[in-house]
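Undergrad: Work the whole structure out from these sequences, hints included.
From first to last, the protein sequence lines are chains Y and U.
The first sequence maps to residues 1 to 303 in our numbering.
The second sequence maps to residues 1 to 295 in our numbering.
Just so you know, these hints were derived from the structure itself, not from any lab.
Model, not experiment: these values are computed from the prediction.
Be careful, since some hints might not be right.
[As the list claims (entries may be wrong)] With a cut-off of at most 25 Å between alpha-carbon atoms, the simulated DMTMM-like pairs for lysine to aspartate or glutamate come out as follows:
#1 U:K190 / Y:D51
#2 U:K181 / Y:E64
#3 U:K184 / Y:E58
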Amino acid sequence: MKNPRPNSTIKLGEWLITFFIRAAGYVSILYVTLIILFLLREGLPAFKNVDLSSLFGEVWYPIEGYYSIWPLLFGSITVTIGAAVIAIPLGVGTAVFISELAPPWAKEILKPLVEVLAGLPSVVLGFFGILVLSPFLRQALNLPTGLTAFTGSLLLGWSAIPTIVSVAEDALNTVPRTYREGAQALGTTQWQTIWGVTVPAARSGIITAVMLGIGRVIGETMAVMMVTGNAPVLPEGLNAFFLPIRTMTATIASEMGEVAQGSIHYQVLFLVGIILFFLSLVINVVSFMVSSRRMKRTERLLS
Amino acid sequence: MSKRIFLILVCLGLLLAGCGSSSNSSDGSGGSGTNIQNKGSDTMVNLALAWAEAYQKLHPEILISVTGGGTGTGISALMNNTVDLANASRIISEEEIGQAQSLGFEPKQYIVAQDAIAVIVNRENPVDALTMEQISAIYRGEYTNWSELGGEDRPIVCLSRETNSGTHVYFLETVVRLGNKEDKSIFSPKTLLLPSSEGIIAEVRDNPNAIGYDGLGYVTDEVKTLAIAPAPGEEPILPSIETVNNAAYPISRELFMYTRGEPNDTIKAYLEWILSPEAQEIVRSLGFVPVKVNQ
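TA: The following block contains the structure:
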């Protein structure tokens, strides 16, 4: 075999490519580390400069020195749970339908439609929420105001569905055909095949889809700021779901512009950012653990 | 080995170049001669835009860009030297002056217009007038139902601007605390903090439970403006140019522009023009109140 180029050129080229790929990996690790360090450096002094009793009090009103993060944390959690309850069944259900049940023509229409939905900017969703959804909910449910946690959950649920659908659908598609055929050869119905074989086999991908969806919900800012009313109230019960709340992201977005760098308010906003960061970290770690454990079990079963 | 080091240096160089260009673009916007950057109070955005348009017609060589974001945002931008003129719907605070001095300049204040803050409710709401004490109690969360104030049996939903708004701070000091500096009460946590003036108008227009406040320039016919009695038993007064000028309406204030120290000639000429009768006529046409002539 004749080589058109000398060996050393190939070696150098390969070395360059490997170097760039490796550098890309290291740089992204470096970035994440630097972001964490920056967050910690700007946010941790808040513990020193604000009384713990104020930090874990009841009132968030930073221009008068009330810095309780509880209302914001509960606000974010309320909206996220609501959105997850709406988005997970709808999203996974749509993915199963597209991948397993839909006739080809429906599949061809649905897939691009879902992708278009994923590209919808959240400001547009927020506008829709303010002008249509919130007045409708106020009248339909007889609420004092339509700007509530529930309105935010609905919108965010919708914005998370496309993410869940496209990732979960990909996961379902990677399940080998032989699994379904094998199940059907054993005489299972279509529903039993989906519920007992296909979905469990794609479980890790589906969990990743759900976590990505929830991650999008927690980090969502614009739509939430527009429709949840931004009142930093501590929830007192289940009806808090139908009352205004204030999320961590909306707080950072609306207050970061006014704070003086290095002030206490600035540090507390970074502390809120740290909490937000760790919340999504926990979600990612949990989903990773769940999906890897599942994988081991299915591998054992199949081997 | 030397190749590896070289590549790392190239990468670092690229990174630094990226940082450098982004910081340049934000710095370059401030302080140029024919380009005036103007940012701040959302209450004043429409007014500042109208002024900028009219002034650019007279002086086509001058480019004025106007953005909102809130008084606090505008003053921060002035500190960071990203704007030449900050619009403010409240007087600059002691802390902000101290901060400016530590950055090496003295903010210079210009009174450019006056504004009344209208308290607004839905058109379906039968309540027409309230006293200052009643509005304060509503926003402190002491009244929760309109029937306590002679209205229908409906919950009260209080709307406010975000805390970075000068209108928010002014309303807190003048209405919620009734001008009492010792008073440390704050808005009830149930108060909805909306990010824009338009958001408040939209919610009040649609929601018969809502009460809100906004600069008079923003109030439209789609909502009802309440007459306000300065004290119980006194005549309730609707906001207007006359009632602001004779100080009868209790919630009115001056609107300001701030510069970084002594302005350059371009900005000075612009500020002088703003106080001219022609520019003050724009103030009137937008629903604000012109600066008193004998000032």
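Undergrad: Each of the hints needs a verdict: does it hold here or not?
TA: The hints, checked one at a time:
Restraint check for K190 (chain U) and D51 (chain Y): the C-alpha separation of about 24 Å stays at or below 25 Å, so the hint holds. Under the criterion of a C-alpha separation no larger than 25 Å, the hint pairing K181 (chain U) with E64 (chain Y) is consistent with the structure, at around 13 Å. For the proposed pair K184 (chain U) and E58 (chain Y), the alpha carbon gap of about 16 Å is at most 25 Å, so the pair holds.
The structure shown violates none of the earlier numbered hints.
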